[in-house]
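Engineer: Chain by chain, the residues:
Protein chains: 2
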Amino acid sequence: MNSDPLRPLVDTLKTLAHPVRLRILALLHAGELCVCEVAEVLGLAPSTVSEHLTGLRRTGLVREWKVGRWVHVALSDEAATRPLLEALWPLMAGAEAELARDRAQARALRCDTCTPSDCPPSRTPKEHA
Amino acid sequence: MNSDPLRPLVDTLKTLAHPVRLRILALLHAGELCVCEVAEVLGLAPSTVSEHLTGLRRTGLVREWKVGRWVHVALSDEAATRPLLEALWPLMAGAEAELARDRAQARALRCDTCTPSDCPPSRTPKEHA
DNA sequence: AGTTCATTTCGCTATTTCCCGAAACATCGT
DNA sequence: ACGATGTTTCGGGAAATAGCGAAATGAACT
Numbered sequence: 001m002n003s004d005p006l007r008p009l010v011d012t013l014k015t016l017a018h019p020v021r022l023r024i025l026a027l028l029h030a031g032e033l034c035v036c037e038v039a040e041v042l043g044l045a046p047s048t049v050s051e052h053l054t055g056l057r058r059t060g061l062v063r064e065w066k067v068g069r070w071v072h073v074a075l076s077d078e079a080a081t082r083p084l085l086e087a088l089w090p091l092m093a094g095a096e097a098e099l100a101r102d103r104a105q106a107r108a109l110r111c112d113t114c115t116p117s118d119c120p121p122s123r124t125p126k127e128h129a
Numbered sequence: 001m002n003s004d005p006l007r008p009l010v011d012t013l014k015t016l017a018h019p020v021r022l023r024i025l026a027l028l029h030a031g032e033l034c035v036c037e038v039a040e041v042l043g044l045a046p047s048t049v050s051e052h053l054t055g056l057r058r059t060g061l062v063r064e065w066k067v068g069r070w071v072h073v074a075l076s077d078e079a080a081t082r083p084l085l086e087a088l089w090p091l092m093a094g095a096e097a098e099l100a101r102d103r104a105q106a107r108a109l110r111c112d113t114c115t116p117s118d119c120p121p122s123r124t125p126k127e128h129a
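Chains F and A are the protein sequences, given in the same order. Under the working numbering, the residue at position 6 of the first sequence is numbered 6, and the numbers go up by one with no gaps. Under the working numbering, the residue at position 18 of the second sequence is numbered 18, and the numbers go up by one with no gaps.
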């Protein structure tokens, strides 16, 4: 019945059309993170972030994989959504202040003696010593 | 308080994220139309189309102007939204059949002895004779 | 002035989206 | 096996969105 050929594109656009999800994409543009770090930076409940990420994954915008008990997230390298994302970055210029603050906060959370892929994220660098 | 710097971009994306509005944009990509023609092609109530167009105009995606008692609509030439639209056309390829049908129907409604700018749109060409 | 026709605004209902907390899962460490 | 921690799923309530018909508006033509 519902074979609307515009459906996939509309789904992608709907997924993009939310400030939190744009902030997540901008965060991931600077490097991968794990779900709890995203939740911390955005100040949202983990369940909320998980649901946003489900949408982003459904539309192929991000990919996720497990590392120990953490789920790491990064921008997908799928060709389909790339041009849209590339067109989007310049349009986020007006929010650069907020986005830079997000990135700085993510960097502060991240342990700096190891890469996100092979080490559990730590809330504070000293927890890792 | 609510000075979310991502707001304008989110508004634009929300406006794009609807099959009817995408079809309207694709229609206008082939040339300007008046509101009643858009309603006829899409098979929607004029009030519904009017509301969709209000959103498209609010976000600068289309422009409208009065011609007699008709309101003509065309894609806006604003620089801000252009790159987004340009990234969008290729992504609509999967719906080319439906979009081509829309365009054909619009062409059938349109009087072919005059341009849309200086002549009231007529339902059938012979009404114009 | 009154009529007609294109368009918009309004009132309404149905559906969807967003966010959370509680509970369920999953994985690691002890 | 147990507890701790990260994540997801579920249930629900507030808000936004989509569609229509009816009524209001504006412009043209008698």
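In short, the hints are calculated from the structure, not lab data. Among the clues, some could well be false.
Put simply, identical chains are the same to the list, so a pair is met inside one copy or across any two.
[Stated by the list, open to error] Simulated pairs of lysine to any residue, SDA-like, Cα-Cα distance not exceeding 20 angstroms:
hint : residue 1 : residue 2
1    : K66       : E40
2    : K66       : E51
3    : K66       : A93
4    : K66       : E98
Engineer: If a hint holds in the structure, say so; if it doesn't, say that too.
Structural biologist: Status of each hint after checking the structure:
{"no.": "1", "hint": "K66 to E40", "result": "within (19 angstroms within a copy, 51 angstroms between copies)"}
{"no.": "2", "hint": "K66 to E51", "result": "within (17 angstroms within a copy, 45 angstroms between copies)"}
{"no.": "3", "hint": "K66 to A93", "result": "neither (32 angstroms within a copy, 35 angstroms between copies)"}
{"no.": "4", "hint": "K66 to E98", "result": "neither (29 angstroms within a copy, 41 angstroms between copies)"}
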